[in-house]
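Trainee: In the order they appear, the protein sequences are chains A and B.
The opening position of the first sequence corresponds to residue 229 in my numbering, with each subsequent residue numbered one higher.
The opening position of the second sequence corresponds to residue -9 in my numbering, with each subsequent residue numbered one higher.
I should point out that these hints are in silico values taken from the structure, not numbers from a laboratory.
There could be a bad hint or two in this list.
Said to hold, decoys possible - Computed list of lysine to any residue pairs in SDA-like fashion (alpha-carbon distance at most 20 Å, straight line):
hint, chain 1, residue 1, chain 2, residue 2
1, B, 240, A, 244
2, B, 9, A, 358
3, B, 74, A, 356
4, B, 9, A, 327
5, B, 9, A, 324
6, B, 74, A, 314
7, B, 9, A, 356
8, B, 9, A, 300
9, B, 9, A, 245
10, B, 240, A, 358
11, B, 74, A, 358
12, B, 9, A, 283
13, B, 240, A, 359
14, B, 240, A, 245
15, A, 368, B, 240
16, B, 240, A, 402
All figures in this text were calculated on a predicted structure; none of them were measured in a lab.
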Amino acid sequence: MTAAIEINAVHKQYGATQALRGVSFSIARGEFFGLLGPNGAGKSTLINILAGLTRATSGTARVAGHDVVGEFASTRRALGVVPQELVFDPFFSVREVLRIQAGYFGLGAENDPWIDELIDALMLTDKAGANMRSLSGGMKRRVLVAQALVHKPEVVVLDEPTAGVDVELRKSLWAFIQRLHRDGHTIVLTTHYLEEAEQLCDRIAILNHGQLAALDSKPALLARGLGKVLAITTAAPLAVVPEALRAKVKSRKGNTIEFELDIARDSIGDILEALRAAGAVITDLHTQEPDLEDIFLQITHGEK
Amino acid sequence: MNTRGLYTLFYKELLRFYKVALQTLLAPVLTALLYLLVFAQVLEQRAEAFPGVSYSAFLVPGLVMMSMIQNAFANSSSSLIQSKVTGNLIFVLLAPLSAFEFLLAFVLAAMVRALLVGLGVCLVALVFVPVPLHNAGYVLLFAVLASAALGALGVIAGIWADKFDQLAGFQNFIILPLSFLSGVFYSIHSLPGFWLTLSHLNPFFYMIDGFRYGFFGAADVSPALSLAVVALFLAAIGALALALVARGYKIRN
Ligand SMILES: Nc1ncnc2c1ncn2[C@@H]1O[C@H](COP(=O)(O)OP(=O)(O)OP(=O)(O)O)[C@@H](O)[C@H]1O
Ligand SMILES: [Mg+2]
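Build out the structure end to end from the sequences listed, making use of the hints.
Mentor: Structure (C-alpha cells):
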C-alpha cells in the first residue's frame, strides 16, 4: 500500500530564507500524525507544498501516491487542508461556501447530506445561513475545517486548527477529528498546544529551522526525555545525600529532594534502598513522567 | 475535465458581481448614458463620420464596446486581486481545477458581466438615439471576442498586481487611455497622421471598429482585418494568461 504522504528531500527557498532544507519522511495511511516545531520552523511551508499552494524549490512530494505537481488533480481530491490563516469569502453564507467548495471538487446536490452533517458536527447549525463576515473567529475556523472536509478527503491536514477556538469547541472538534481517524482518514496535525499532540498523535515529527529534528512514535519520543523526576520527602532533611546519588539530584528544598532519573538505567527501588541505607525515613514519594513539552524544548534547544 | 468544478467557479464569479449589481451592472450603464448625453449634445453638429450616420448614432456602438472592455477587465481583475489580498483564493487553488479550467471560469464570468453591461448600454441608448443594425453576427462576434480578451487581460493584471493601487494603475494608465484613444468618440480618420498611425497599433480600436461595422456596415478599416486583429489579440492574451496560471506565477508562490 502506498503511503498517505511521502516527502522526499524537499527544499524551499524564499529569497534568502531557507524555509525547508532537505526534509524527507513519510506518513502511513491511517496514522494520526503530529507535525510540531517552533514558529518559522517550516511546518506551514511543508503543508503548502503538499497542497500545491507553494512549489518546492527542489525535491518531491506525494499524497496517496500522487505527485503533488504532476498529478495535482488526484492529489487535491485526496487531500483536505485546514489553512493556518483565518481566510474567508465575505460574499457568501456558511452553507453557500460549503456548497461552492464541494462544487469545485465536482460534487453536487448528492453531497448535501454530508454538508449538513459537517455543519451539525462542527456546531454551525445556527450560523448555516449567516454571512461569513458575521461569524466570530472561532466560528470561521470551524467553517475552514468543514471546507477542508467537504469532499471527504482521505488525508486531512490541519494547520493549527484550534488556535482561537474555545475549550468546549476544541474538545468537540477533537472528538470529530478522532471520529474521522477511526473511519480510516489519515490525520496530520500541527499545533502549538503540545498536550493536544501528546494526547492525539501516534507519531510525531519535530521540525526545526527547516530540518527534521525528530521523528518517532510518541512513546519512543517521550522515552528520549531526560527521564522521570522522582521527588522524595523524608521525615527530617537529609544530612548528606549518598555519594552514588549525588549526580542525579535535580533540586533540594527542605525535606524534599528531586532526582532526575534515566529511564533506561535507573531503578526507583535502588534509589530508595540507597536512601534508607543512609538512614532516611521516607514519608512521601511521587514521580513525574517527562512530557512532550520537555522533549520539544530539549530538541529545539529551548526555542519556542 | 472537471466540468462541474469549472461551472461552480464560473457561477461563484457570477454571484460575486450579481450580489453587487448596483455597482457592477447599473453604474457602468449610467456612466455610458452620461457620456452619450453630454457628447452627443456637444458634438452633434460635427460632420457625419459615415454618410447618413448621425454623430449620436456613431457614438453608441463605441460606448457600448468601451463599457464592455472596461467591465470585462474590471470583473476578473478585481475578483482576483480581492481573493489574493483577502487570501480566500486558496479555496480555488486547493481544488482539482486545471489552469485552463481556472482561466476559463474567470473569463466566462467576465464575459457575462461585459455582455450584460453592453446590452444595458445598448438598450438605454436606443431610447435616445436610433441606431441601425447591419449585421447582428458581427456585433455578437466582436462583443464576445473583445470581452473574452479583456477578461483574460484582467486575469493577467489580477495575478500580477499585489495591491489594489497597482491594479488601479493598470486600469488608469493602460485600459482607460487605450479605450479612450480607440475611436470611441471620433472616426480615427479625423486624426492627424501621427495619431492615426498610433491608433492603428491599438487593439481596442479594432474591437470598436469591427463592432461598429456590425451596426452601420461601414468602418474605418475592413471588418476582416479587425476580426483578425481581435482574434489574434485574444489568442495572445489568452495564451499568456494560461501560461501564468499554469506556472502559478504569484499565486502559488
Ligand atoms: N510567502 C513567503 N515569503 C517569504 N518567506 C516566507 C513565506 N512563507 C514563509 N516564509 C518563511 O519561511 C519560514 C517558515 O515559515 P512557515 O510559515 O512554514 O513556519 P511555521 O513552521 O508554519 O511557523 P508557525 O508556527 O509560526 O506557523 C519562515 O522563516 C517564514 O518567514
Ligand atoms: Mg505555520
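Trainee: State the violated hints by number, sorted upward, taking the hints as numbered earlier in the document.
Mentor: 3, 8, 9, 10, 11, 12, 13, 15 and 16
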